[in-house]
Amino acid sequence: MMTVVNSCRYICANCGYIYDPGVGDSMNAIPAGVDFEVLPEEWICPLCYATNDQFDPLD
Amino acid sequence: MKPSVASLYQAVELQQEIPPLLIGERANSNGSKKFRELLLADDYDSCLKIAQEQEAKGAHIIDLCTAYAGRDEKADLTTMVRMCANALKAPLMIDSTTPECIEACLQLYPGRAIINSINLEDGGVNIRRICKAAKKYGAALVALTIDEKGMAMTGDDKLRIAKAIYSIAVDEFGLRPKDLLFDCLTFTVGSGDASLRDAALQTMEGIRRIKAELPGCLTVLGLSNISFGLAPQARRILNSVFLHEAVVAGLDAAIVDVAKILPLARISDDDRQVSLDLLYNRQVVDEKDPLMRFIEHFSGKKNDTTDKDQEVTRTTEEQLFYKLMNGDRDGLDDILAILRERFKPIDIINQILVPAMRHVGELFGKGEILLPFVLQSAEVMKASVTLLEPFMDKADGGNATKILLATVQGDVHDIGKNLVDIILSNNGYKVFNIGIKVPTETVIEKAREFQVDLIGLSGLLVKSAIVMQESMPQYRQAGLNIPILLGGAALTPKFVAESCVPGYSGPVVYCADAFAGLKSVREFEEGRLVSTSYDATTAVKPMKPGVKDRVLDRSNPVPVPPFIGQRYVEDIDPAVFFPLINTQALFRGRWGYRRGKSGAAEYEALIRDTVQPKYEELMQRAFAEKLLQPKVSYGYFPCHAEGNRLFVLAEGDEHVFAFPRQQEAPFLCIADYFKSAQEGGDVSGFFIVTIGERIGEEINRLYQADAYHEYLMLHGFSVEVTDALAEYWHGVMRWELGIGGNRSDKVRGAITQAYQGSRYGFGYPSCPDLEAQLPLFAFLKPGAIGISLTENMQMVPEQTTSAIVVHHPQAKYFAV
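Top line first, the protein sequences correspond to chains A and B. Residues in the first sequence are numbered from 47 upward in steps of one, following the numbering used here. Residues in the second sequence are numbered from 4 upward in steps of one, following the numbering used here.
Everything labelled a hint here was simulated from the structure, so no lab data went into it. The beta carbon of each residue, even a glycine, is placed where N, CA and C say it ideally should be. A hint or two may mislead.
Some chain B residues close to chain A (C-beta under 8 Å, calculated; not the full set) [claimed, not checked]:
| no. | residue |
| --- | --- |
| 1 | A519 |
| 2 | K544 |
| 3 | G549 |
| 4 | P768 |
Footprint (simulated), chain B over chain A, 3 or more residues, beta carbon under 8 Å [claimed, not checked]:
| no. | region |
| --- | --- |
| 5 | 62 to 75 |
| 6 | 78 to 89 |
| 7 | 92 to 105 |
Which chain B residues face chain A? A few, computed with CB under 8 Å, are given here [claimed, not checked]:
| no. | residue |
| --- | --- |
| 8 | H362 |
| 9 | M546 |
| 10 | P548 |
| 11 | N585 |
| 12 | A588 |
| 13 | G786 |
| 14 | A787 |
| 15 | Y816 |
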């Protein structure tokens, strides 16, 4: 099955951590393939704990 | 859909409700000597300023032309397009006849531009390439009525060529009629050339016929050619009268020097009549020809001062408004001097400057401008008020809302509080900023002394949040009930609502940033400021990142340090740790250059043209002025863990670190990474690094000098340089412990902890408790390198950081 992946990476403005949907975020138990836009609202930066509104699109 | 073009920030209709659309002509290397000279000097910033000035004076679109013999037009034009795309709200008109340049610009321009221009001079070669590009990138096109025979002089010829261009652009390339702006060209009626006497008439005829016979198409005109060869003041009037007539004939847009267009109402009847006679070539029996009459009429007039005053009346307020918006201080004193003739200083502040700042704040709120630009606007505000103050009555501003600001006891951080000060005081409020480490008693005393309307408390630390909470009853017992605004990194709406609000009788309000503070003050004035509330049922509980279930390996080898004990290092060249500066965190986080609503290419351009140069300038400055004095105290010590505690042996004394433990799985604690006495003990590393106090002094000087933008830049820089030094020293220690691999760790590795071991700072999620500073200070003895500790466990100077260095392979960040 083809899925449309909006593979835009996002960067934490506070610490520079990059959320890559191709990799996911093991520290927050997010598997690979989850777009930033659909991450749970309570998701925060796994390194500096900044909230998701502190993230900028990278691509 | 009405035909329109767009910049990154806004769409602009080509057919203005009150025509014409004004296209600023000054950013043109062929048309403006000033622009050309700046370009030849590679002074792009000043070139940009010319573009911005036109916007401030009312241009809807900015024409941009960099063609000049001997210059690389493409390089110049793309550079300027990038800069304009970020800095201008007005969409661009890309003025070039070279298809290659046009294509390069369209490719990188984030909005819908206008191309200026196409024609049939070469029989139809370039026009096809440019039409193709216009179609591909969705640009509008200016089409000049020129063919192989040259520029069309008569109305008939203008229409004929327009039709030929139309058939190529619309029929061949599928552009829409409304994508085309026909420029019928005009020639001077000021030369006395008999063949040009009816030039204005022919141009107006061309406009009328194109509008009638090519429905949907638009018309544009480079206006000032009409008066070429005449005296400057006469030109302004003739151009303005001609513009009016051309608009009546159907002209949609005009390429003009916006500052020099006069409204018809400001032109005397005599001036207007003699201009119309010239434009319409009205020969009057027994009188000289219209050109001679026109010249004689104006020859007696120098720069008519009444007229000039009227023009200034029309635009000075707007000029000031836009100067503030653009953060441009040039000529501020002149503008204010003119305004003072007509307004009271307090009215200039309240009716022009404060609304402009408010507008800037709104744009910031919408993500349309970034914090550094807000600060530049605030600097213009401050400079304006300083220039106006000598002319103000004492009573003026006496009834402004008064706010007391302080960083709470034990906390030395003042950037947040000072940003609030900058924003509030430059929005017309009276701010009493009483500094850092202010005890509650002093806040109460000063609040009474200054009779303030609100109190704002700030603090970065977790500990400061507790101080705020505990001080609430003190304020209540002191009999205060004015609103208290709380801000700081460790605060949350939940904490304020649940832990601070109940302790005080007046409103207690959480403010996420300086603009939230501003909003609260406005709500206070409107009588609708209420305490922060928190609804636990709808609230989002943040995740707790970190390894979830993990058994720690107990068999890891204990590295052998090169020495046991403490050492100082004072001869560190900043060049060795500059490469470790986390520029992403600096640019986006500390400086506020967030990408916001811009695209990847524009953001890249902002970084390349504005941010990166600033960063390089600061690094050079830091070297040249010796602002950095990097110093380190560090060491390796035998230790063993016991439960949550780590026992460290230094110079024969045992020092105890009590680390907090997670209250949920996997129940981690920093002490877990060390072996117990039974396991044979372990080795721990500690460091404390500082970049010295000089940079802090310079930061303070900038703030005192109202150099808000520089202040934010240098402060952010100092924070990230300190962290880079810590990261560098952590690398040195890993290498000395034999767990470092190579020493050339790049920033990316540092961010993701892509190495063995971890450094934990005190006051951060893995160990929020600052009490751990005490034993560390006892054996690292950083007093000798100028570092001290406040009563609230904060290190002074501010640009200092400390950490415990853990070598365990599974040691990573977690939150307790």
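Of the hints given before, which are not true for this structure?
1, 8, 13, 14
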